[in-house]
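Using the sequences and the hints given, assemble the complete structure.
From first to last, the protein sequence lines are chains A and B. Mapping the first sequence onto the working numbering, position 111 (from 1) lands on 111, and the numbers just tick up by one. Mapping the second sequence onto the working numbering, position 10 (from 1) lands on 10, and the numbers just tick up by one.
It is worth saying that the hints were derived from the structure and are not from the lab. Since we're looking at a predicted model, the values are computed, not measured. One thing to keep in mind: the hints can contain errors.
What the hints assert, rightly or not - Capping the alpha-carbon separation at 25 Å, the derived lysine-lysine pairs in DSS-like fashion look like this:
1. K5/A with K57/B
2. K56/A with K37/A
3. K57/B with K99/A
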Amino acid sequence: DQQVKQNSPSLSVQEGRISILNCDYTNSMFDYFLWYKKYPAEGPTFLISISSIKDKNEDGRFTVFLNKSAKHLSLHIVPSQPGDSAVYFCAASVRGAQKLVFGQGTRLTINP
Amino acid sequence: GAGVSQSPSNKVTEKGKDVELRCDPISGHTALYWYRQSLGQGLEFLIYFQGNSAPDKSGLPSDRFSAERTGGSVSTLTIQRTQQEDSAVYLCASSRRSSGSNGEQFFGPGTRLTVL
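Shown next, in the form of structure tokens:
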């Protein structure tokens, strides 16, 4: 039972344009959501997070949007840069449970 | 400062052999997690340690898998009688548990396990 789903295994975007990565979840108990970025042969690194009491969180070029009624979140990167090429994982947690539930990842490629 | 380190970075073993994977968390982090990532899949939670509390073992796939954390620091994940389906990247993460904890976990580079 995949509680966190990233339905797009890959995404290709032109440099300078906006990248939008999507994530859906099924467990209504999730109250904290995170995005991680992973380069080959490295562990995932934390990018940005959002609590369920908010619907938007922004950090520089990165913005995460949460739509609780649709159980959907998205990560916007603008403008996209070649260094953003990586695999992006969406993750969710239930506060107090500590463990993260991850999606399958989306491979983002930024084309010059 | 030093991040989470894992060893070995790569491990090739024969089916039926036992393997041990090591994780050194960030100094001062009281929480430690093990995940694995199989080919084309997301990260799958295995086990979680928090201080001296009993570990959350709910993600261990079988009784061939076990983990321990000595002295609240280094952790070892042991897989007995390895099977080909155990082939994956095993990732360790640590976090600072505090009242303001936001769930952010810091990951090591992983150990790529290949069972022939």
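Original post:
Is it true that the CA of K56/A sits at most 25 Å from the CA of K37/A?
Top reply: 19 Å, holds
Subject >> Given pair status - K99/A, K57/B, alpha carbons within 25 Å >> reply: Holds, at about 11 Å.
Original post:
K5/A and K57/B: Cα distance at most 25 Å?
Top reply: Holds - the C-alpha atoms of K57/B and K5/A are around 23 Å apart, at most 25 Å.
In terms of the numbered hints stated before, the structure departs from none.
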